[in-house]
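Chemist: Protein sequence lines, in the order shown, are assigned to chains A and D.
According to the numbering used here, the first sequence is numbered sequentially starting from 1.
According to the numbering used here, the second sequence is numbered sequentially starting from 1.
These aren't lab readings, by the way, just hints derived from the structure by calculation.
For clarity, every value in this text was computed on a predicted model and none was experimentally measured.
Check the hints yourself; a few may be wrong.
Copies of the same chain look alike in the list, so a pair counts if it works inside one copy or between any two.
To be verified - For lysine-lysine, the following DSSO-like pairs were computed, each having C-alpha atoms within a straight-line distance of at most 27 Å:
| # | residue 1 | residue 2 |
| --- | --- | --- |
| 1 | K274 | K290 |
| 2 | K157 | K138 |
| 3 | K157 | K22 |
| 4 | K139 | K22 |
| 5 | K138 | K7 |
2 protein chains.
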Amino acid sequence: MISDLVKNIEPFYVMDILERAKELESEGRDVVHFEVGEPDFNTPQEICSAAVQWIEKGYTKYTSSLGIDELRQSVAEDYSRTYGVDVGYERVIITIGSSPALLLAMLTVLNPGDEILITDPHYACYPQIINVARGVAKKIPVYESDGYQVDPAEVKKNIGRKTKAILVNSPANPTGAVMDTDVFRELSEMGLFVISDEIYHGLAYGARVNSVLEFTDDAMAINGFAKLYSMTGWRLGYMIVPKNLVRYVQKLQQNLFISAGSFVQKAGVDAIEKVKKSGRSEAMVAEFDKRRREMINGLSSIGFDIAVEPKGAFYVFVNSSRWSRDSWRLAFDILENCHVGVTPGIDFSDRGRDYLRFSYTTSIDSIREGIKRLGEFLA
Amino acid sequence: MISDLVKNIEPFYVMDILERAKELESEGRDVVHFEVGEPDFNTPQEICSAAVQWIEKGYTKYTSSLGIDELRQSVAEDYSRTYGVDVGYERVIITIGSSPALLLAMLTVLNPGDEILITDPHYACYPQIINVARGVAKKIPVYESDGYQVDPAEVKKNIGRKTKAILVNSPANPTGAVMDTDVFRELSEMGLFVISDEIYHGLAYGARVNSVLEFTDDAMAINGFAKLYSMTGWRLGYMIVPKNLVRYVQKLQQNLFISAGSFVQKAGVDAIEKVKKSGRSEAMVAEFDKRRREMINGLSSIGFDIAVEPKGAFYVFVNSSRWSRDSWRLAFDILENCHVGVTPGIDFSDRGRDYLRFSYTTSIDSIREGIKRLGEFLA
C-alpha cells in the first residue's frame, strides 16, 4: 500500500536537528539557529497592507490558472529592468511557491528515465522532485577550491543519450556561490535545456547575478517571493517558460493546483512595484551582507577554512572534516554541547559528511554568540 | 523537450466555453453562468478577519510541513463532531488545497502502472492527477437511472492484480450524487484502499453524507476549505491518513510544497471554529438548496429528464441527447445563441457527449433567466 517512491525518500536530516533544538528550547535553553533557511525579517508592510486590502475587498476566488495578468506583467517588467531581457508577460506563470513550479518544470520536460544534470552539492529537494517526475538526477560535483563553480567541460562529459536538461541554481543553496557569467553563458549554449532556479536572485553581495534568460529564451527561470521579500508563509512563486511550453504547463497547473492564491497574488504585485522598485528591499540585502561578513570572519577565526567566500543567498558551506568525518554526528554534538543549530552537509551532497551549512538568517548578535560558543566547543 | 505526460493531457473543454463567455461579456452581452464550479458567496467575514489579524501580527513564515497543530486539531474535532469518528490530530496533514492533497495521496499509494478505480463520470482532473503519479485510472461506469450510485459488484469485477485503490467522491462532481451508506460501507470493506474526496462535504440537501473514516481507519479522506467556506482563492486543504502513512506523506510534502500558507491556516481555524461550529455555514447551504430546487424544476420544465435528483455539491448532470449527440457543440450553440454558459459532459465522462453539467452557483434570478433563455432556444 506504500509506493516505492515515498519509501525511498531521504529524510531531511536538518529536521532532526530542528526538532532537538526545539526540545532544548522548551527546556529553557537558549539555542542559536544557524540551521534555518528562512529570512528572519518580517514581510514588508506594503505587502501586508495589499493583502489586507484585497481580502477586505473580497478578492478571494480562483484566478486564471496562469495567474493574474497584473502580477505576470510586474514579473515580466521586473525581469526586464533587472536583466535587460524582453520577457513577454504571457510567458510568466504564477505558482503556489517555487517548489511547485520546479515540479511543474520537471513534469513538463522529463519522461520517465530521462536524466537531468544537477550540481553536487545541491538544494536538498532537487533529487526528490526529479524522482516524483520519474527522472534521474545525475550529479556534477563542484568544488570548494573552485568557489563551487560548475565546470562546463565536466557537464559536457556527462551529457548522454538520456540527458534532457540541466538544473542550475545561482546564487546557490547550500554554497552561496554565484555562477560566473561566462560559465552560465557556456552552459546555456550547450544545446541542453536549462532550468534555472533563481529563487535567491536579489540576494547577492557585490557579485553580478545573471538570469538564464539573458543567454537564451529556450529555458525556464523559476523564482518566487519567499526569500527576497520574506514571504515564505505566503506560498507564491512563478516560472518563465518558452512560449511553446506555456500551454503545457498551464494544463498541468489546472489539473494539479488550479491557481495560486488570489489576494496573495495581488500582494505580490506590491512586492515588486512598491518594495523592490523603490529600492526598499536593498536595506535587507545590506543587512544580510553585514551578517555574511560576520559569519565568514567568525568561522575563519575559529579555524574553518573558507577557500572562496560565498557571494549570494544566506549560507556558508564549509568543510568540517578537521573536527569530524561525520558532520551529522558533529552537528548533534554541537547542538547538545553548545546549543548551536547547524545543518549537516549530507542534506545537500554525496560528500556531505565532511561539510556543515551555516545560515546567517539571524542577527549579528546571535551570529557572534553562536561563533563564540562554537569556537569554545571546537577548541 | 516536451514530456509525453503533458502532451497527452486532455484540455478542459469548459475553459473554451468560459473564454468565449468572457469575450461575449466584453462585447457587452449579459451571460448567465451555469458553467462555473465555484461558490459565488463571499468568504465569511470571520475568516477574513482572522487572516487580516494574523498578517498584521506578522504570522507570515513557513509552518511545520504537517500544518499548524491548532488547525490539525480543529479538523480532527470537526470530523469527530460531524461523523462521530475518533481521528487523532496527528493523522491530519494540512495542504495547499485539496488538489495537491490528491496528488500527495496518489504518489503515496501508486507505483507506476498500478491501477486505481474511479467512477465514470468523475471530476475532470482525477485521471490527470493519477497520470502524474504514473498510475492507471480504471473507470467504473455509474448510471443516471441508478442515481449515479456505484455498484459494488461492478467494482469487485474490476479488481485485478494491479488494482491498488479506489477513489470515491461523495457528494460528487459532476453528478451531485451522495453515496448510499450501505454502498460506501461495502466499498470500504472490500479490502481495497479507499481514497475519499470529501471536498463537497457539508453541501448536502437532506441526504446523510458519510466519511470513509466511519467505516475504516485504513483509508484517506481528502478535504478542504474552498467549497463549504467559499475559500477557493485561499488555497487550503487537508488530508486525513492512516497513522503509518503520515511520515511518508510528510516527506513528500516537505520536498514538493514545504508547507501550506501560515496566516491562511490560522484563518482555517476560524472557518471551523467560528463559521461551521456556530452553524453559520448553514445559511449558505439553505440558499444552495433553494437554487438546486429552482435548477431541477427549471430544467425539468424545459424538457430535461432528471431521473434521480442530485442531493449534494452544486451541480446537475443531465442527458442532453434529445437535442444533440454532441454536447460540446450543443454547449457552444447555447452560449452563442442565448448567452448561457454550460459545461459539456466530455470533461467528466467517456459518455459525456450525451450530457451537460449545470452549476447552481449563481442567484435564483440568474437561474430563472438562464432557464428561460435555454427553454426558448431548445424549443
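Chemist: Of all the hints numbered above, which does this structure not satisfy? Sort the numbers upward.
Modeler: 3, 4
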